[in-house]
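If you want the building blocks of each chain, they are given just below.
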Amino acid sequence: MTSWVRLTLPAAVVASVSPAYAVQYLTIDAAQKLAFPSANRFVENGGLTWKAQAADRLLGLFVVDHVVGKHLYIDYAVSLDPTGRVMRVEILQYRESYGGEVREPGWLAQFVGKSSSSPLKVGSDIRNISGATLSSLHVAEGVKRILATYGSRTR
Amino acid sequence: MTATALSAGLAHAQEVGNAHDKSNAAPSGDVALLRKLEQMEQRIRVLESQLKQKDNQEIARARGQAPAPAVSPADVKPGKDRKDAEDPSKPKLAKDQKGTTGWAKPDWATPASRDLTGKTAPVNRPNSIIGLTDSPVTGMSIGAYGEMKFGLQQNPAAGGQWQNGFDAHRLVLLPTYLITPNIIFNAEIEFEHGGSGFDPDDKLHGTAEIEQIWIDFKMIDQFNWRAPGIDLIPIGYINEHHEPTAFYSVQRPELYNGLIPSTWKAPATSVYGRLADGLYYTLQASSSLEDFGGDFGTRTDANTVPTGGYAAGIDGANALGFALPVRGGFQQLSNDVAVAGQLSYSPPVLPGFNGSVSAYYTPNTTPRGAYAGDAGMPLGRSSLTMFDAEFRYRVPNTGFEARGEYVYVSFGNPANLRANNDSDPTNNVGKTMYGYSGELAYHLPLGNILSSDWEMVPFYRYTFQNTQPGGFAGTDLNMPTGAGQTQFHNVGVAVFPSPQIVLKATWQKVINRDPAGANSDSVLGGVGFFF
Chain G
3 MTSWVRLTLP
13 AAVVASVSPA
23 YAVQYLTIDA
33 AQKLAFPSAN
43 RFVENGGLTW
53 KAQAADRLLG
63 LFVVDHVVGK
73 HLYIDYAVSL
83 DPTGRVMRVE
93 ILQYRESYGG
103 EVREPGWLAQ
113 FVGKSSSSPL
123 KVGSDIRNIS
133 GATLSSLHVA
143 EGVKRILATY
153 GSRTR
Chain B
8 MTATALSAGL
18 AHAQEVGNAH
28 DKSNAAPSGD
38 VALLRKLEQM
48 EQRIRVLESQ
58 LKQKDNQEIA
68 RARGQAPAPA
78 VSPADVKPGK
88 DRKDAEDPSK
98 PKLAKDQKGT
108 TGWAKPDWAT
118 PASRDLTGKT
128 APVNRPNSII
138 GLTDSPVTGM
148 SIGAYGEMKF
158 GLQQNPAAGG
168 QWQNGFDAHR
178 LVLLPTYLIT
188 PNIIFNAEIE
198 FEHGGSGFDP
208 DDKLHGTAEI
218 EQIWIDFKMI
228 DQFNWRAPGI
238 DLIPIGYINE
248 HHEPTAFYSV
258 QRPELYNGLI
268 PSTWKAPATS
278 VYGRLADGLY
288 YTLQASSSLE
298 DFGGDFGTRT
308 DANTVPTGGY
318 AAGIDGANAL
328 GFALPVRGGF
338 QQLSNDVAVA
348 GQLSYSPPVL
358 PGFNGSVSAY
368 YTPNTTPRGA
378 YAGDAGMPLG
388 RSSLTMFDAE
398 FRYRVPNTGF
408 EARGEYVYVS
418 FGNPANLRAN
428 NDSDPTNNVG
438 KTMYGYSGEL
448 AYHLPLGNIL
458 SSDWEMVPFY
468 RYTFQNTQPG
478 GFAGTDLNMP
488 TGAGQTQFHN
498 VGVAVFPSPQ
508 IVLKATWQKV
518 INRDPAGANS
528 DSVLGGVGFF
538 F
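Heads up: the protein sequence lines correspond to chains G and B, in order.
Under my numbering, read the first sequence as residues 3 to 157, first letter to last.
Under my numbering, read the second sequence as residues 8 to 538, first letter to last.
Calculated directly from the structure, the hints in this document are not laboratory data.
These numbers were taken from a predicted model, which means no experiment stands behind them.
Hints may contain errors.
Said to hold, decoys possible - Pair ranges (Cβ atoms, derived): (1) G:Ala150 - B:Asn404: 51 to 61 Å; (2) B:Ala151 - G:Pro39: 24 to 34 Å; (3) G:Ser117 - B:Leu180: 39 to 49 Å; (4) B:Val346 - G:Asp31: 25 to 35 Å; (5) B:Glu48 - G:Asp31: 25 to 35 Å; (6) B:Thr405 - G:Ser117: 48 to 58 Å; (7) B:Leu451 - G:Pro39: 35 to 45 Å; (8) G:Ala150 - B:Gly304: 57 to 67 Å; (9) B:Leu510 - G:Pro39: 33 to 43 Å; (10) B:His496 - G:Ser117: 39 to 49 Å.
As the list claims (entries may be wrong) - Some residues of chain G that are not near chain B, with every Cβ distance over 10 Å (derived): (11) Thr51; (12) Lys53; (13) Leu60; (14) Leu74; (15) Gly108; (16) Ser120; (17) Gly125; (18) Leu136; (19) Arg155.
What the hints assert, rightly or not - Over the 10 Å line for every Cβ pair with chain G, so calculated as not near, a few chain B residues: (20) Ala39; (21) Pro113; (22) Thr117; (23) Met155; (24) Ala164; (25) Pro188; (26) Asn231; (27) Ala253; (28) Asp284; (29) Asn325; (30) Tyr441; (31) Gly445; (32) Asp460; (33) Ala523.
In this text, a Cβ means the ideal position worked out from N, Cα and C, and glycines have one as well.
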């Protein structure tokens, strides 16, 4: 990489990561860079999924989806490593007035390492959030659905 | 990268040059060197085009267009002798992808390849079941919650006689509308006890009301504004989270029936936000509680209490149950504005723990024209302060849950409260009221029945409430019956066929110090839903 790209890219990542206002926390672009900082290509893979690559090396899959919170949609992104395990879950947009606790990093960190064989059940391997029961349930269901579609398969 | 490639190429050229020099005469050494230079140039061209393509992608994305095709290497000719490049037909996989027993790598886990035509190789797309758009949902959505109760209850007004009964206690509609991505409308329209009506054959004596109506302006994480409307007072947990799926007993937790008025709502405006990881706040201004509990229609056009006597809004039997502020018709009985604040915290160091502290203060609860007795001396101002602390702890990786709460109310000038001046010696109010409760529950998965995962939650809750601790003042005689000190034991089970529906059974035992007894035990079943 030329030196100017090397110098400005970290600044661009930092600037795009800080949330601008309550509703849209991360753009898809910013979330992709957060999840795969060493990627230089995001190849469209169909249906709001992107392969993250550094040149020809596959780093993982970036998936964008939405689920209902209580009544309004929550946009979120799941990053999978090449074995189909969750690397990261980010909330991109949270619209409602209640239940925003699903955005807490401590709660989202529970999904790291989950695979398509994980139960992903709120109250079991995923903690419930008191006061955000429906949002936490639906986000967990969404991640489970993404793992069922894009996670590793049994032979 | 360029420098590395160059030096690698140079080193390689040297090696090959040396090898050729050993086996051949001088002229083929030059040819080999030239060939190496060509390959290096080729490599630089490839790298340059990758960088250009990345820039194009970023520009296109910034402009909101679909990204440019992943590879546009029309000007790149794959050299036969390219040693640095990877063979595009063999995907390079992380080592742990292969050989894991019983697992195959996901369908998508091959890098996007380039074929000789310069286009990206077609990818097998898995069935996409996710949404096709990432734009916000517009339009209205309507949810609902409700609860129905039935069973056997002792009727204290009938000397504690056990009576069968049923109550369609609540049906609440929840319209929500995203006006703009930052402005959200929310309302709750409630029908209580089957609704209300005039025809005698319908036999309705319930309520149809606007329980909540407000518009949120979402600005930044730390600061959002709820425009003036009807909103819940941010005290404790159950007042704001009162859907039947949020608590396990058929009836709402006792502290939220009188000490904290049931569904305490008021004309209000507030600001709220997130201060740090797991830490949320709310600050609210609202129309004050009023010490008038009489029939609404008896308040005068001058917005005062009626003459000839009136019922108290605050008393030793019902606590604040009849003190809700008016929400319609500009018919509030005072100009007083109250403030409330709440901090709720889920400490990252203790996952599964949620707690809150909240406080409410009004400078005055006495309505215009308040007086003692039937036509006695005027009653002056009296402030009210309330404090609440509660927690809910779901122990991670177990089924255990614990809840605890403490509520405290303090009256500025009890001598000015109507209950202490209404000639009734049994309902007097002291300087304070307080209550506390503790609950233990256990979450038991029942497995998958009828296409959903069921869960059973047996629980026990103990509540103690003291609405007449002494310190009375005012013109009344003080003859409390002992009914002001009450203990509640609740044992029961809540079954969740899904998190949005609950079937409940609760046995409640009520004990107070009234010599006649509380006579309020019950065995109730309930059906609740929230979607």
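Tested hints:
1. G:Ala150 - B:Asn404: 51 to 61 Å: Once the Cβ atoms are compared, 23 Å apart, the range 51 to 61 Å for B:Asn404 and G:Ala150 is violated.
2. B:Ala151 - G:Pro39: 24 to 34 Å: Given a distance of about 44 Å, which is not inside 24 to 34 Å, the answer is violated.
3. G:Ser117 - B:Leu180: 39 to 49 Å: Given a distance of about 41 Å, which is inside 39 to 49 Å, the answer is holds.
4. B:Val346 - G:Asp31: 25 to 35 Å: violated (43 Å)
5. B:Glu48 - G:Asp31: 25 to 35 Å: Between B:Glu48 and G:Asp31, where Cβ atoms are some 34 Å apart, the hint holds.
6. B:Thr405 - G:Ser117: 48 to 58 Å: violated (23 Å)
7. B:Leu451 - G:Pro39: 35 to 45 Å: holds (43 Å)
8. G:Ala150 - B:Gly304: 57 to 67 Å: holds (60 Å)
9. B:Leu510 - G:Pro39: 33 to 43 Å: violated (49 Å)
10. B:His496 - G:Ser117: 39 to 49 Å: Distance hint for B:His496, G:Ser117 holds at roughly 46 Å.
11. Thr51: Its Cβ does come within 10 Å of chain B, the nearest being 7 Å, so this is violated.
12. Lys53: Not fine: 6 Å to the nearest Cβ puts G:Lys53 too close to chain B.
13. Leu60: violated (4 Å)
14. Leu74: The claim is violated: G:Leu74 sits with its nearest Cβ about 6 Å from chain B, within 10 Å.
15. Gly108: Its Cβ does come within 10 Å of chain B, the nearest being 4 Å, so this is violated.
16. Ser120: Given that every Cβ of chain B is farther than 10 Å from that of G:Ser120, nearest at about 13 Å, it holds.
17. Gly125: G:Gly125 not clear of chain B: closest Cβ-Cβ about 6 Å, inside 10 Å.
18. Leu136: Nearest chain B Cβ is 7 Å from G:Leu136, so the label is violated.
19. Arg155: violated (5 Å)
20. Ala39: holds (27 Å)
21. Pro113: violated (4 Å)
22. Thr117: violated (7 Å)
23. Met155: Answer for B:Met155: holds, closest chain G Cβ roughly 21 Å.
24. Ala164: B:Ala164 is indeed farther than 10 Å from all Cβ atoms of chain G, at 37 Å.
25. Pro188: violated (5 Å)
26. Asn231: violated (6 Å)
27. Ala253: The claim breaks: B:Ala253 does not keep its Cβ more than 10 Å from every Cβ of chain G (closest is about 8 Å).
28. Asp284: violated (6 Å)
29. Asn325: holds (28 Å)
30. Tyr441: Per Cβ check, B:Tyr441 is outside 10 Å of chain G; nearest 24 Å; holds.
31. Gly445: Given a closest Cβ separation of 16 Å, the condition holds.
32. Asp460: violated (7 Å)
33. Ala523: holds (39 Å)
Taken one by one, the earlier hints fail for this structure at numbers 1, 2, 4, 6, 9, 11, 12, 13, 14, 15, 17, 18, 19, 21, 22, 25, 26, 27, 28 and 32, listed in ascending order.
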